[in-house]
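> Residue strings, one per chain:
Number of protein chains: 2
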Amino acid sequence: MAKLKVKRIDAGIQTAVINKEDANQIGLKNGGRINILNEESGRSITAFIQITDNIIGKGTIGLSSGFISQLDADDNKELAVRAADRPISLEYIRKKMDNGKLTENEINTIISDITNDVLSAGETTAFITAVYINGLDTDEVEYLTRSMVKSGEQLKFNTHPIVDKHSIGGVPGNKITLLVVPIIAAAGLKIPKTSSRAITGAGGTADLMEALAPVEFKAADIERMTEKVGGVIVWGGATNIAPADDKIIVHEFPLKIDARGIMIASVMAKKIACGAEIVVIDIPVGAEAKVKDMDDARRLARQFIEIGERFKVKVECAITFGDTPIGRGIGVNLEVREALIALEGNVEQNPFTQKSLTMAGIAFEMAGRVEKGEGYRFAEEILNSGKALAKMKEIIAIQGGNPNVTSNDILPGKYSFNVNAKDSGYIVGIKNRALITIARTAGAPADKGAGIYIHKLLGERVEKGETIYTIYADKEWRLGKALAEARKYMPVAVEGMLLERITSLN
Amino acid sequence: MAKLKVKRIDAGIQTAVINKEDANQIGLKNGGRINILNEESGRSITAFIQITDNIIGKGTIGLSSGFISQLDADDNKELAVRAADRPISLEYIRKKMDNGKLTENEINTIISDITNDVLSAGETTAFITAVYINGLDTDEVEYLTRSMVKSGEQLKFNTHPIVDKHSIGGVPGNKITLLVVPIIAAAGLKIPKTSSRAITGAGGTADLMEALAPVEFKAADIERMTEKVGGVIVWGGATNIAPADDKIIVHEFPLKIDARGIMIASVMAKKIACGAEIVVIDIPVGAEAKVKDMDDARRLARQFIEIGERFKVKVECAITFGDTPIGRGIGVNLEVREALIALEGNVEQNPFTQKSLTMAGIAFEMAGRVEKGEGYRFAEEILNSGKALAKMKEIIAIQGGNPNVTSNDILPGKYSFNVNAKDSGYIVGIKNRALITIARTAGAPADKGAGIYIHKLLGERVEKGETIYTIYADKEWRLGKALAEARKYMPVAVEGMLLERITSLN
Chain A
11 MAKLKVKRID
21 AGIQTAVINK
31 EDANQIGLKN
41 GGRINILNEE
51 SGRSITAFIQ
61 ITDNIIGKGT
71 IGLSSGFISQ
81 LDADDNKELA
91 VRAADRPISL
101 EYIRKKMDNG
111 KLTENEINTI
121 ISDITNDVLS
131 AGETTAFITA
141 VYINGLDTDE
151 VEYLTRSMVK
161 SGEQLKFNTH
171 PIVDKHSIGG
181 VPGNKITLLV
191 VPIIAAAGLK
201 IPKTSSRAIT
211 GAGGTADLME
221 ALAPVEFKAA
231 DIERMTEKVG
241 GVIVWGGATN
251 IAPADDKIIV
261 HEFPLKIDAR
271 GIMIASVMAK
281 KIACGAEIVV
291 IDIPVGAEAK
301 VKDMDDARRL
311 ARQFIEIGER
321 FKVKVECAIT
331 FGDTPIGRGI
341 GVNLEVREAL
351 IALEGNVEQN
361 PFTQKSLTMA
371 GIAFEMAGRV
381 EKGEGYRFAE
391 EILNSGKALA
401 KMKEIIAIQG
411 GNPNVTSNDI
421 LPGKYSFNVN
431 AKDSGYIVGI
441 KNRALITIAR
451 TAGAPADKGA
461 GIYIHKLLGE
471 RVEKGETIYT
481 IYADKEWRLG
491 KALAEARKYM
501 PVAVEGMLLE
511 RITSLN
Chain B
11 MAKLKVKRID
21 AGIQTAVINK
31 EDANQIGLKN
41 GGRINILNEE
51 SGRSITAFIQ
61 ITDNIIGKGT
71 IGLSSGFISQ
81 LDADDNKELA
91 VRAADRPISL
101 EYIRKKMDNG
111 KLTENEINTI
121 ISDITNDVLS
131 AGETTAFITA
141 VYINGLDTDE
151 VEYLTRSMVK
161 SGEQLKFNTH
171 PIVDKHSIGG
181 VPGNKITLLV
191 VPIIAAAGLK
201 IPKTSSRAIT
211 GAGGTADLME
221 ALAPVEFKAA
231 DIERMTEKVG
241 GVIVWGGATN
251 IAPADDKIIV
261 HEFPLKIDAR
271 GIMIASVMAK
281 KIACGAEIVV
291 IDIPVGAEAK
301 VKDMDDARRL
311 ARQFIEIGER
321 FKVKVECAIT
331 FGDTPIGRGI
341 GVNLEVREAL
351 IALEGNVEQN
361 PFTQKSLTMA
371 GIAFEMAGRV
381 EKGEGYRFAE
391 EILNSGKALA
401 KMKEIIAIQG
411 GNPNVTSNDI
421 LPGKYSFNVN
431 AKDSGYIVGI
441 KNRALITIAR
451 TAGAPADKGA
461 GIYIHKLLGE
471 RVEKGETIYT
481 IYADKEWRLG
491 KALAEARKYM
501 PVAVEGMLLE
511 RITSLN
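Sequence order for the protein chains is A and B.
All residue numbers in the first sequence are consecutive under our numbering, ending with 516.
All residue numbers in the second sequence are consecutive under our numbering, ending with 516.
Hints in this document: simulated from the structure, not taken from any laboratory.
No incorrect hints appear here.
Any copy will do: because identical chains look the same in the list, a pair fits if it lies in one copy or spans two.
List of simulated lysine-lysine pairs, DSSO-like, C-alpha gap at most 27 Å: (1) K432 <-> K466; (2) K228 <-> K257; (3) K441 <-> K39; (4) K30 <-> K17; (5) K39 <-> K257; (6) K474 <-> K432; (7) K39 <-> K68; (8) K13 <-> K424; (9) K39 <-> K266; (10) K238 <-> K166; (11) K30 <-> K485; (12) K13 <-> K39; (13) K491 <-> K13; (14) K15 <-> K485; (15) K105 <-> K266; (16) K17 <-> K68; (17) K257 <-> K105; (18) K39 <-> K485.
Using the sequences plus the hints, can you model the full thing?
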């Protein structure tokens with residue numbers, strides 16, 4: 011233990027900074043955990059430390075204004091600093107590393123410590139890695155789901171049933187929420203949809219909706235708006251719904267891992283916390299999708315359904331074709347425009363509209379609105395009738411956007427380049443990951459106009475010289491870089507196209 | 011990409027701080043990796059970011075003076091900031107998470123990225139966790155060892171053979187290096203011993219030696235001193251020998267994990283980098299030791315020996331009894347005093363002296379100094395003759411300490427408490443972990459006089475009222491806390507001692 015005086019350091023950091031000599035005296039290592047007590051106010055906090063040998067002098071402790079106010083302290087105030095106890099959750103993480111089965115209490119403790127920043131980034135990553143390798147059984151996924159639900163707020167509604175949908179990510183152009191939500195709400199069902207922003211993609215649903223209306227709302231606003239117009243499309247990150255999930259995703263992202271048990275719990279926790287009673291889950295299967303084959307997709311679907319049963323939530327899964335973009339547009343404005351065009355009644359039969367109607371149709375059947383097998387047609391009627399467009403305008407309006415927006419108002423970037431077919435043939439393959447990379451290089455999702463418009467979808471005929479796809483960008487230099495990526499990856503394969511001709515020298 | 015102006019923030023932190031709006035624009039998440047380029051000087055660095063919404067304004071980037079000088083920039087200098095590429099080492103870590111076998115190149119890349127802070131704490135922990143769970147085969151341990159050796163400096167000597175020793179840690183009072191090094195050096199062999207400071211223990215060997223002489227030296231000093239007097243006892247952390255190991259240990263520590271393959275590589279890399287040709291490894295086995303049973307100890311010993319063979323280093327392992335403290339003293343001064351007493355010729359036969367002579371004896375046999383079976387006696391002669399004491403004084407002197415020090419100069423703490431036997435009997439069990447906890451609570455290793463002196467060793471007879479052990483502290487309040495721990499843990503069991511008497515109420 012040492013008595014150290016406060017030095018205010020405002021660099022937006024969440025660690026305390028102390029001198030090397032004090033650290034040695036207390037017995038602390040860089041990144042270690044300390045307990046800081048203001049003996050006068052009785053307030054204490056736990057923090058991680060950074061050790062310095064020059065910035066903070068011996069006898070002082072560098073703290074952010076946030077920490078100082080939590081401690082009810084002030085500049086030069088003397089605080090008692092000691093090594094903090096090792097949180098018991100580390101024992102439970104260790105247990106999972108040793109392939110043990112965690113109890114509900116153990117999982118609650120881990121999730122609570124992750125949510126409250128008691129665990130360091132490294133410690134949280136150790137948990138995720140252990141789950142990725144050793145897995146979670148159904149009981150553990152149930153505990154994890156419940157724990158995540160309890161980590162934040164839960165929506166409550168007066169009308170029922172509450173419907174929700176989720177797509178396992180990774181497929182470009184997947185704007186189906188912009189059709190599914192207004193179709194379902196137009197039929198009188200409630201769908202309070204929270205979505206994410208793009209992490210690795212060219213545009214998350216929240217990014218798309220933001221082109222039409224604000225998406226950052228508190229839980230009470232989501233309840234109120236949903237009760238009033240039947241649905242919303244908001245950014246989940248602005249709410250306090252299942253915040254533990256967000257804390258975990260941050261650490262999964264750099265490793266690009268998908269710890270299956272955590273993923274199932276994350277999805278289900280968000281749905282349960284949003285009050286969902288009927289959930290349709292879209293599982294794209296494909297070589298470049300998260301789920302590679304049908305067997306794995308069926309296994310995942312059964313797990314979702316079983317967890318749903320344990321929480322009395324009806325779950326159905328749609329296993330979908332994942333090796334194609336969902337529709338023609340990739341990137342914020344291109345996708346929003348495409349969705350508005352469909353809502354405005356120009357419904358082209360393609361992966362985007364078919365998948366949207368399929369998902370909405372399953373929800374209608376699950377809710378008992380229509381007989382089994384009638385959902386798709388019912389959803390299609392709502393879309394064609396203009397009721398979905400009217401509902402979308404209500405949703406845009408209640409979220410604070412302009413309800414008079416039309417597809418003509420949403421424009422792609424002013425710089426563009428057409429990629430044309432060098433030979434005639436059929437589109438036989440589209441590389442989803444390459445498309446995402448090109449769209450991101452062009453500026454998506456930060457640049458709203460950036461992205462790709464696909465003129466020729468999978469299976470369509472293209473004649474020599476016709477445009478296969480167009481790259482759009484808001485900034486000229488970004489277009490150039492995206493084009494270089496396109497030349498490198500050649501994301502669309504046309505049957506009969508000669509890629510390269512190598513002549514033998516013999 | 012964004013152009014941001016430098017704002018100097020000196021809080022000893024290794025991250026760049028940028029505004030939330032700029033982060034969204036560039037497409038960065040908190041903890042993400044950025045590349046910062048000074049277009050004028052051409053200098054660039056990669057750093058992790060912390061995102062703030064108030065400390066650093068839009069259009070600026072908070073950087074430490076260290077980063078600013080690396081970039082050859084200055085306050086208000088405009089820098090180009092973009093999201094950095096994902097290091098390829100993350101793919102290799104992912105491969106180990108998926109239980110793949112890593113190539114030498116892949117391991118080199120991971121270790122290089124850990125050493126150069128390219129990987130975050132979370133990413134490094136993911137690697138350690140994956141190795142802990144999925145293991146490394148002998149090839150991988152060899153690659154890892156070589157990679158760690160190459161991560162830093164290597165000692166070179168003109169005389170041969172170079173001897174080294176290592177004890178797998180966790181056993182309290184393990185001061186044997188203070189006898190082994192002078193005994194071996196007194197026989198004319200070279201032993202450049204680098205040791206660690208206590209992490210979880212009551213005193214690392216470097217902490218002990220520091221009571222006698224400075225322990226922080228550069229590689230060239232270690233070479234020079236070893237050539238001159240035959241041996242040194244220094245702190246490895248002050249050198250640049252196998253620094254990758256130190257970077258890894260920091261992340262293993264909070265999880266208390268011992269990723270076996272990493273541990274073997276760490277030990278062997280330090281020895282190889284120190285130029286060792288003959289290595290004796292002490293593997294304590296016991297219920298509270300790192301290695302729990304003989305089979306596991308033998309397996310570990312074979313792995314050490316095999317890795318040794320691959321690097322042309324002769325390795326022998328001594329599997330030792332790990333469920334007792336090594337000698338009577340635990341804590342810096344108590345251990346140093348005990349070692350000096352033995353060097354001064356008062357050699358009591360106990361675990362400390364027996365283990366020290368055994369280890370030195372094995373080294374003598376391996377070096378061909380004596381016949382097989384003669385090593386222990388040869389080591390004992392050197393100790394009894396006073397040659398080891400004379401050599402220790404030379405080592406103390408060359409490291410800058412006072413060679414005239416005697417065991418009477420090294421004093422335990424001025425506050426003490428005797429724990430006496432409530433009944434007569436034999437010492438039948440000693441809880442090592444409890445002893446360490448009590449010694450640390452008493453102030454060890456930061457308080458030099460703090461610790462425990464054990465009057466009655468395992469198997470010894472104690473009469474009712476006799477002192478079993480004494481707790482020492484430099485500070486009175488710490489003694490009180492240590493005593494409370496002692497009452498809680500009761501670390502020494504006496505046969506026949508009634509622990510508690512519970513009377514039935516029936």
